[in-house]
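S.K.: The lines below spell out each chain.
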Amino acid sequence: MKIRSILLNLAVALIALIVLFPLVWMASVSFMPTGEAATFPPPLVPSRWTLEHYQDLFLNQGMGRYLWNSFALATLATLLALSFTVPAGYAFAKLKFAGRERLFQFLVAALVVPAQIGTLPLFLMLKGMGLVNTYAGALVPWLASIFGLFLVRQYALSIPDEMLEAARIDGASEGQIFRRIVLPTLQPIIVTLGLFVFLGSWNDFLWPLIILTDQSNYTLPVALAALSREHVQDVELMMAGAVVTVAPVLILFLALQRYYIRGMLAGSVKG
Amino acid sequence: MTVADPAIPAVRRSRGPAARERAAWAFVAPAMIAIGLFFALPVIAALLLSLTDFDIYALANLDNLRFVGLQNYERLMTNPLFWGAMKNTLTFAVLGVPLSIAASLAAAVILNARVVKWRPIWRVMFFAPYVTTLVATAVVWRYLLHTRYGVINWGLESIGLPAVDWLGQPSTSIPAILMFVVWKIFGYNMLIFLAVLQTVPDDLYEAARIDGAGPWKQFRHVTLPAIAPTMLLVSIISVASFFQLFAEPYVMTQGGPAQSTVTVLYFMYEEGFKWWNLGSASAVAFVLFLCILAITLVQLAVAKRVGAYQ
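Protein chains in written order, with our numbering: chain A, 1386 to 1656; chain B, 3 to 312.
Just so you know, the hints here were simulated from the structure itself, not pulled from any lab data.
The calculated DMTMM-like cross-link candidates involving lysine to aspartate or glutamate, where the alpha carbons are at most 20 Å apart (straight line), are:
| no. | chain 1 | residue 1 | chain 2 | residue 2 |
| --- | --- | --- | --- | --- |
| 1 | A | LYS1479 | B | GLU23 |
| 2 | A | LYS1512 | A | ASP1599 |
| 3 | A | LYS1512 | B | ASP65 |
| 4 | A | LYS1481 | A | GLU1550 |
| 5 | B | LYS219 | B | ASP205 |
| 6 | B | LYS89 | B | GLU272 |
| 7 | A | LYS1479 | A | ASP1555 |
| 8 | B | LYS276 | B | ASP55 |
| 9 | B | LYS276 | A | ASP1599 |
| 10 | B | LYS219 | B | GLU208 |
| 11 | A | LYS1479 | A | ASP1546 |
| 12 | A | LYS1481 | A | GLU1547 |
| 13 | A | LYS1387 | B | GLU208 |
| 14 | A | LYS1481 | B | GLU23 |
| 15 | A | LYS1512 | B | ASP57 |
| 16 | A | LYS1512 | B | ASP55 |
| 17 | A | LYS1512 | B | GLU272 |
| 18 | B | LYS89 | B | GLU76 |
| 19 | B | LYS276 | A | GLU1615 |
Turn these sequences into a full structure, and let the hints steer you where they fit.
M.R.: Next comes the structure, spelled out in C-alpha cells:
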C-alpha cells in the first residue's frame, strides 16, 4: 500500500512537471537577455532578468494595440453572445410556441456541421456588406452559437414551472418574468457561457486571420503568428509575446475555474 | 384580492397563451435570425459555391462566375496535394485520438486514487493548457522542439539518445505536433473521465480486491466497463476536432517539411485565401464535412450496437 501511494504521487508529480514546464519556460525565457535562449545547453533561468522584450513589444511592435483589439473583441463577443443566446435558450426550455420541436430538431442536426464549412461564403457575404476588416465582421460568428443556446436550455429546464406560473398569476409580463426571475436563476450558467465565449474569442485564430486583414486590427493570436514568421530567431521576444497573450486568459480561467469546469461537464456528460 | 373576481380571468386572458407565444418568439427570434443568416445560409451557400469556378476574377467581377457542376470535386480527386492533405489529416487522427484518450484516461485513473494528495489542485492544473491560446503555446513548443537549442533534444541527449530534427523532417513532423496537441488537450477528456470514475462505487473495487484482482485486473473489469460509453462519446468528439487541425501546422511548420503537415483545413485555407480559388476551397470544405459526418455516424452505430449488448 505504501509503495502504491508513493508511485501514484510520483506519477502525478511527473505529469505536473510535463504540464507546467512549457509555461514556466515560456515565462522564464521572456525575461532573458537577447540571444540567451539560443545557447546549449538551454538555460532554464535568466542570467540577468530584463524587461527589454516587453518594452520592445509595446513600444515598437504595437502590442498595446493588439491587446486592446483582443480585449475589446472578446468583451463585445461575450455581451452579444449572451444577449442572443440566453433568452433563446430559456424560451426553448420553458415557453411553448408553434414550431418549437421542429426548430429544436433542426438545431440538434446542425450541431454536427462544423462552422468552418461556411467560412468562405460568410467571408464573401461580409465583404458584400463592407464588414471585412471591421470589428463587426470579426464578431458575427459569435452571434450564432448553437452550443451556447443548448447550454442555457439545459440549465433552464431545471427552473420549476410553478415559479413562472405563480408570477404569471400575479400579473407579471413575460419580459418581467425573464428579468426578475429567470435571469437571476440562470446566473451561474450565464457566467459559464460568458467565460466560454470570452476565452473562445480571445483564443480564436482562423476567423480573425481571414476577416481582419489590416495589421492595426489584428488580435493577439493573429499578430503573434505574423510576428513569429518575421522574428523566428528572437526567441525571447516571441516568449514575451506568448506571455502577454496567454497570461490574461490563464488568470481569468484560474479565477473562475469552478464555473468553467462545471459548465464543461454539464455540456458534455449530459444525461 | 380586492379586485372583483371577473376581472382576474380578463387580465389573465390578455396575457394568456397568445401573449406568451409572442414573447417566446421575441426571445427566440434574434438568435434564430443570426443562426439562419450567419450559419445555415453560409453552409448552404458553400455547397452552391463548390459547384462554381469562383476565383479571383469572379471576386473582382461576378460576371466571370460560371457554374461548373462537379468539376471542382473531380479536380480534387486527381490533385495529389489534396490527397496528401487527406492522408496527413488521417494520420493525425489515427495516431492522435488513441494517444490523447490514453493520456487523458491514464491521468484520470491516477488522479482518481484516494492516496494522491492535493487532487483538486492537480485537476485544475492539468486542465490549464486546454484554455491557453493555441497560437501562443504552439510558438512555445516550436522552440521546445528546436533541433539544436530545444529542451526536448537536450533531455534526449542527456540520457544518451541522439537529437531529433523534430519539425525539420517529414517522418517526425506529425509526431512532434501531436506531442504538443496531446499536452494541450488531454486535460479536457481527463476531467470528463474523472467525473465518470467518481460515480463508480468504491465497493466494486473493494470486492475485486477481495477476489484477488490486481491493479490491472481492477482496471480491466471495473474501470473500463464503467467508462466505455463515455469513451465512445469522447472519441467521436476527438475525431471531429483532429479533423479540424489548422493553427498547429500554420504556426509550427507552415505545412512543411515537404507538405508533410498540410491538413485538410490548412489546404482549404491556402486554396481559398492564398490563391482565392473559393469554389474549389468550398469543395474541400464539403469533403471534410462528409468525412467527419461519416466517421461520426459509424461511431454512433457502433455505440448503439455496444449499448444494445449491455
